[in-house]
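The primary structure of each chain is shown beneath.
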Amino acid sequence: MAEDTFLADDLLRQLMSVGEVDLLVGISTHNAANPVRQAVQVIEQSYQQHFIRQRVVIVLMDGSEEKDGDGTSEAAPVVAGKGNVRVPGITSLRTIHRVTASFSTPPLPGVALRTILAVADLLRARACAVVSSTSTNLSADSIAKLLGPVYREKFDLVAPLYTRHKYQGLLVRNLLYPMSRAVFGSGIREIFPSEWGFSGRLATHCLNQRVWQEEAIRARPEAWMAISAIGSDFSCCQAYLGEKTPPAGAAGTDIVEILRQTVGGLFWCLENEQDFWFDIDKSVSVPTFGPAPELTSEATEMDRHRIFEMFRTGVSDLEPILSSILDPETHAEIKNMVALEEGKFRFRSDLWVRTLYDFAASYHHAVINRDHLVQALAPLYRGMTHSFLVEHADSSPSEIEAANEMLCSEFELQKSYLRERWKAKIEVKS
Amino acid sequence: MRETILQGLEQAYWNFVHMIAEFLPHFVVMLIIIAVGLLVAFVLRYCLRALLRLTRLDRVSEEAGASRVLRMAHLPAMSELLSRSLFWVTWFAFILIGLSVLGVASLQAQISRLLQFLPEVFIAILILFLGVAIANFLSRAALLAAVNAGLPSARIISWAIRFVIWILAITMTLEELGLAKQTVIAAFSIVFGATMLGLAIAFGLGGQDLARRFLERHWGDTKKGRDKEPQPL
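Chains as they are written, first to last, in our numbering: chain S, 1 to 430; chain D, 1 to 233.
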């Protein structure tokens, strides 16, 4: 193990009593006992239904802020390892162990993942999965679909695939997936999943990387793990997990924060893995388990006008910032678009691709503060969202899928533009 | 009479020779000091430039927006500017020391004052540039936050922040130089106070609706307003 000192003594004591395991599922408890209790029950059901003979463990990240006098949290009964759920008619041949890593406050995703990887490494787990307690599509089957390809088919990374509403996941569909596919050459659709599976081999590999203190990794480590797997020739696949719906009672969408975490994380990966991706020209598809993901299209109310207004005023107000990020030609085209009426406005895919490549290159050259740079993308993303909502108001799922495939091709076609811009400033500076 | 004139001339000649004999070594010492100063200033400039490049000051300055201001003023990059400033300050200090060796009584006091003043000039330049860099960074952060929150007049908010920090930096610079301390502080207090009072009155009286919308958006029913944008993930 890369660093054997950051795990707490109490956690190490628990791990010694567990011994080696075949399967491990890690779950971040954060600050809510009930979703954790449900998640633990689902994981136990999955173990009892699908992995009866295997040695298994559940790893919980307990970051409850409200502790009792003895320092235990509300989630303590859940994490104490007592009273496994029994599925009628099925008897597990092994004890389902539970271990808990306690934190004084909810751990950041990067800290939680690093702890889970270290536990997996110490227990020599063969197949692991990380799930979120707030995930809406957590089921015994979905956990088995994440662990199965690693344990039985010897894959190293299992990314999820979901059925979504056609207006959901637009950042994934219009930016994260096509850009990561074109740049890194792998058709993994969800590079920022809320649950995914991986091998013990990949866990050890990632644990040994010196990235854990980086802000981007502490905030959202998922994409980096997937890109590390692609870059180091680990075998990757995807598994269909069913429908993904937003968590009930979710506090809404903070687009800027999501962009900072995901797009900022993706740009960070571009910066740090440039030796790997720079010469890749074509993308390859990855094996997929289960049916192809679908889109649903129930009627949904969207405030298109407000989204367009935020795009228009954003581009106009941020002109000095955008002029330092974008190529003059790209910037001029965007300014021309802003002058159009709302009904006539469309964000062309070639312009969208050039815009993103300009942002990526400017992030690389740090033309302005990198966090500010990613924030400046928000109005343009809103413009793309508006364009998508108008263009695909009456499109069928297959038409949307075809348009997405064309966008992916556009990203691949213009990759030479990214290379040019990536190198251009280096030459000027040197 | 003739002898007296000759004696006078001889006296004047010997006085001149004595003066030259006394002045020349001092002058040579002054030249040596200035030459050594030039060498020391070159070495310091080279060392500081290397150090600043090692610490990637230019990148930080670029990110903070200070480099942009420098480019607009046709000035070199931040590391080059600071190392050149150090060069001139150092050499100027050596020139003053050299001049003081000449022993011209009236110059001594002025040189001494100038020598005491030099570090303050350097610190003043530093304060000014830090002020510009901080003003650019914070005004840009405010502009982005205001634009992405959908606030009207985002540019005015950003500009106001930049203006206040510039005023503060200029005031601190002038205070460091000791120029019209009382006037500067009084002027700053009046400008700053008037700006804040004006904003408070304008926002309180003219912007009631805006304030209500702002508060509703940020502390009201957040789900209601935000659900009308598609989930990005």
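Treat the hints loosely; a few may be bogus.
[What the hints assert, rightly or not] To spell it out: a stretch of chain S is covered by chain D in this simulated footprint if at least three of its residues, at any positions, have a beta carbon under 8 Å from a beta carbon of chain D; those stretches are:
{"hint": "1", "segment": "205–219"}
{"hint": "2", "segment": "256–263"}
{"hint": "3", "segment": "313–324"}
{"hint": "4", "segment": "367–378"}
[Said to hold, decoys possible] Taking beta-carbon pairs under 10 Å as the criterion, some of the chain D residues facing chain S (in silico):
{"hint": "5", "residue": "Gly8"}
{"hint": "6", "residue": "Glu10"}
{"hint": "7", "residue": "Glu22"}
{"hint": "8", "residue": "Glu62"}
{"hint": "9", "residue": "Asn148"}
{"hint": "10", "residue": "Phe163"}
{"hint": "11", "residue": "Lys181"}
{"hint": "12", "residue": "Pro230"}
By construction, these hints were calculated from the structure, which means they are not laboratory data.
This structure is a prediction, so every number in the text was calculated from the model and none was measured.
For glycine and all other residues, C-beta sits at the position ideal for the given N, C-alpha and C.
Which hint numbers does the structure go against, in order from smallest to largest? Hint check: 1, 5, 6, 7, 10 and 11 fail, others pass.
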